[in-house]
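Asker: Each chain, letter by letter, is given below.
Number of protein chains: 2
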Amino acid sequence: MKIPKEVVAALKKEKVFLIAAHINPDGDALGSCLALSSALESAGKEVYVYNKDSVPAFYRFLPGYKTVGSSLKKAIAKDPVLILLDCNSPDRAALERYSFRKSIVIDHHETENDFGDIRWVVPAAAATGLMVFYLIKAIGIAFTGDIARNLYTAIAVDTGTFRYSNTSPEVLKASAELIEAGADPAFIAECLYERWEKTRFDLLVMTLNNLEIKNGVAVMHITKDMFDKTGTTSEDTENFSNLPRAIKSVKISALFRDIGDGFWKASLRSKGNVNVAKIAELFGGGGHKNAAGFKISGGLKSAKEKLLRAAEKTSRDR
Amino acid sequence: MKIPKEVVAALKKEKVFLIAAHINPDGDALGSCLALSSALESAGKEVYVYNKDSVPAFYRFLPGYKTVGSSLKKAIAKDPVLILLDCNSPDRAALERYSFRKSIVIDHHETENDFGDIRWVVPAAAATGLMVFYLIKAIGIAFTGDIARNLYTAIAVDTGTFRYSNTSPEVLKASAELIEAGADPAFIAECLYERWEKTRFDLLVMTLNNLEIKNGVAVMHITKDMFDKTGTTSEDTENFSNLPRAIKSVKISALFRDIGDGFWKASLRSKGNVNVAKIAELFGGGGHKNAAGFKISGGLKSAKEKLLRAAEKTSRDR
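One line per chain: the protein sequences are G and C, in this order.
The first sequence lines up with residues 1 to 318 when you count with our numbering.
The second sequence lines up with residues 1001 to 1318 when you count with our numbering.
It should be emphasised that the hints constitute simulated quantities derived from the structure, not laboratory data.
Accuracy of the hints is not assured; some may be wrong.
[Said to hold, decoys possible] Using 30 Å as the maximum straight-line C-alpha spacing, the simulated DSSO-like pairs for lysine-lysine come out as follows:
no., chain 1, residue 1, chain 2, residue 2
1, G, Lys15, G, Lys5
2, C, Lys1295, C, Lys1265
3, G, Lys173, C, Lys1005
4, G, Lys198, C, Lys1251
5, G, Lys198, C, Lys1066
6, C, Lys1198, G, Lys295
7, C, Lys1173, G, Lys229
8, G, Lys102, G, Lys78
9, G, Lys229, C, Lys1251
10, G, Lys5, C, Lys1173
11, C, Lys1248, C, Lys1137
12, C, Lys1306, C, Lys1265
13, C, Lys1265, G, Lys306
14, C, Lys1224, G, Lys198
15, C, Lys1198, C, Lys1137
16, G, Lys271, C, Lys1173
17, G, Lys224, C, Lys1214
18, G, Lys173, G, Lys198
19, C, Lys1313, C, Lys1251
20, G, Lys52, G, Lys306
21, C, Lys1066, G, Lys248
22, C, Lys1137, G, Lys248
23, G, Lys251, C, Lys1229
24, C, Lys1052, G, Lys198
25, G, Lys229, C, Lys1271
26, G, Lys198, C, Lys1173
27, G, Lys248, G, Lys265
28, G, Lys224, C, Lys1198
29, G, Lys248, C, Lys1052
30, G, Lys2, G, Lys102
31, G, Lys15, G, Lys137
32, G, Lys198, C, Lys1313
33, G, Lys198, C, Lys1005
34, G, Lys45, G, Lys15
[Stated by the list, open to error] Computed footprint of chain G on chain C; a stretch qualifies when at least three of its residues, placed anywhere within it, have a C-beta under 8 Å from a C-beta of chain G:
no., segment
35, 1152-1164
36, 1256-1262
Every residue gets a Cβ at the ideal spot worked out from N, C-alpha and C, and that includes glycine.
Chain G extracted, bound-state conformation:
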């Protein structure tokens, strides 16, 4: 991967940095921020890591997670250089009210926006963590065990621990190097996949019980009553919509969850070439080809029927 010289030069020259990622941070956002922060600090820099949202409980095995988010005011007072990671505009990081004397964008999301004095945007990169991996090497800093765990987690999360189509030779080679530097694949997998609260598992089983499949579309729902009975919240539903993909005949999997005020949030997942972003757009939502979502008001039954009709329509258009 080719790294723009200006990025390396700026990281070497500047003294104070504010590193920020998108709100609702995932493993790639958090791991990338914490790894780069740790690397720059070891080079004697003053570094602040900001996120508007708190670190989700299941990411609190990432070394340095406690440094996230606390000190925006203090950071701003130091006139830092902004490094935006895993997103490419200040509003995605809830920083639109601030201005910075210099800003660097490092991201792997497609974008039409041109924010940033220095921009390094590589949509083909499997994870922002992979870009940060090469960047840390380029500035000549050795991977510590902490940096390795953060970067391995970032890459693991964005490749579905090496099951998605972005699992390239370079992804595996970089991950091999991170294990050599101290990352523990089994520990990280356990942290990511085997630390559910029992209440979350109960909600999952309850949800699977209402699964229906029509014309290759799997549909499930979670009512407010189900959240109440299990003592869970929307946060606990992450990845639920993926599970019916296990079934051979399922091309699209949809989960409707009650988000209050008469609205349902639909999370769509698809296999292979089936594009659920197009379906979500019909309802004013959006996303990627294999993962998208939208909001819809009204009754559950009618919401499900509308989705099934839309799926049928886009399938005819294919």
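Keeping the supplied structure of chain G fixed, place chain C upon it in accordance with the hints.
Answerer: Chain C alone, transformed into the frame defined by chain G:
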């Protein structure tokens, strides 16, 4: 990985081979056999692949799977050299009634048995497929796309697609090379994890509905009635016992399934350092530290109680 010179020399010198793996073959057994067979054939050898059992439906994406098993008589008539893969004694491959003028064992399972004129047994290897990977390189044969898919699948299955503690730097580097040679990680993951029959999914949901957790031990069961209602068999229960491991408080997960004649088969899975082989041994069963099993007769309720008492006892002994 150091390969014994005799293995390479024998593969180069001999002309006719019978390659066999253990009964109830898994992805590592099948992928290893098919990859080595394909490599030897490309070097002009006559190769037969034998397994007593048929290739499970979900492994029928492995190139060459149709060559497995058909022609034992024909092979024996050619006086072949036996290559045992992913096991280390003829009875594990249902070949104990035959004798061979020369036999080669290539395996990564611990063993006290000494069958084989040439033995290459490496318990530290993550998969037999990884050993075959190095072997094919050592005999100087290029990886075709077919060989790459077979070996990548072998390694993926035995490392839980890179989630188990045997996921080493060399596992990832070899897998990277196999992607470069044509293996498709997303396609292989889809074949392994997303081609369930709906009936199997129904059985899973029914099984999860009877999950109980006591003192960190998750217990589920499948009755004959549940198999009948969903139209499934024991084969469909693979990996079910793993799922409750997702719950943080669960250290041991047990699945009891009705195997007829008044017997239950218990499949045990554990996390980290919890040794379920020791529990299984108390009931005359066995296995590995994190995956073991045993048979028990009598009522389901009493079988579950006996397991819970045994788990408590071994936990006190720890």
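Asker: Check the hint pairing lysine 1265(C) with lysine 306(G) against an upper bound of 30 Å on the C-alpha distance.
Answerer: violated, 45 Å
Asker: Do the alpha carbons of lysine 198(G) and lysine 1173(C) lie within 30 Å of each other, as the hint requires?
Answerer: violated, 37 Å
Asker: Are the Cα atoms of lysine 15(G) and lysine 5(G) separated by 30 Å or less?
Answerer: Given pair lysine 15(G), lysine 5(G) holds - Cα atoms ~18 Å apart, limit 30 Å.
Asker: With the threshold set at 30 Å, check whether the alpha-carbon distance from lysine 248(G) to lysine 265(G) stays at or below it.
Answerer: holds, 25 Å
Asker: Tell me if the straight-line CA distance from lysine 1306(C) to lysine 1265(C) falls inside 30 Å.
Answerer: Cα-Cα ~13 Å, so holds.
Asker: Does lysine 229(G) pair with lysine 1271(C) here, judged by a C-alpha cut-off of 30 Å?
Answerer: holds, 29 Å
Asker: Given the hint that lysine 198(G) pairs with lysine 1005(C), does the C-alpha gap stay at or below 30 Å?
Answerer: violated, 53 Å
Asker: Need the status of pair lysine 52(G), lysine 306(G): alpha-carbon distance at most 30 Å?
Answerer: Violated, because 35 Å separates the two Cα atoms, which is more than 30 Å.
Asker: Within a Cα-Cα threshold of 30 Å, do lysine 229(G) and lysine 1251(C) meet the stated pairing?
Answerer: At roughly 25 Å apart (the allowed maximum being 30 Å), lysine 1251(C) and lysine 229(G) satisfy the hint.
Asker: Decide if the proposed pair is consistent with the structure: lysine 2(G) and lysine 102(G), CA atoms, cutoff 30 Å inclusive.
Answerer: holds, 22 Å
Asker: Given the hinted pair lysine 198(G) and lysine 1313(C), is their Cα-Cα distance within 30 Å?
Answerer: holds, 24 Å
Asker: Taken at face value, is the distance from the CA of lysine 1052(C) to the CA of lysine 248(G) at most 30 Å?
Answerer: holds, 27 Å
Consistency with the previously given hints fails for numbers 5, 7, 11, 13, 15, 18, 20, 22, 24, 26, 33 and 36, ordered from lowest to highest.
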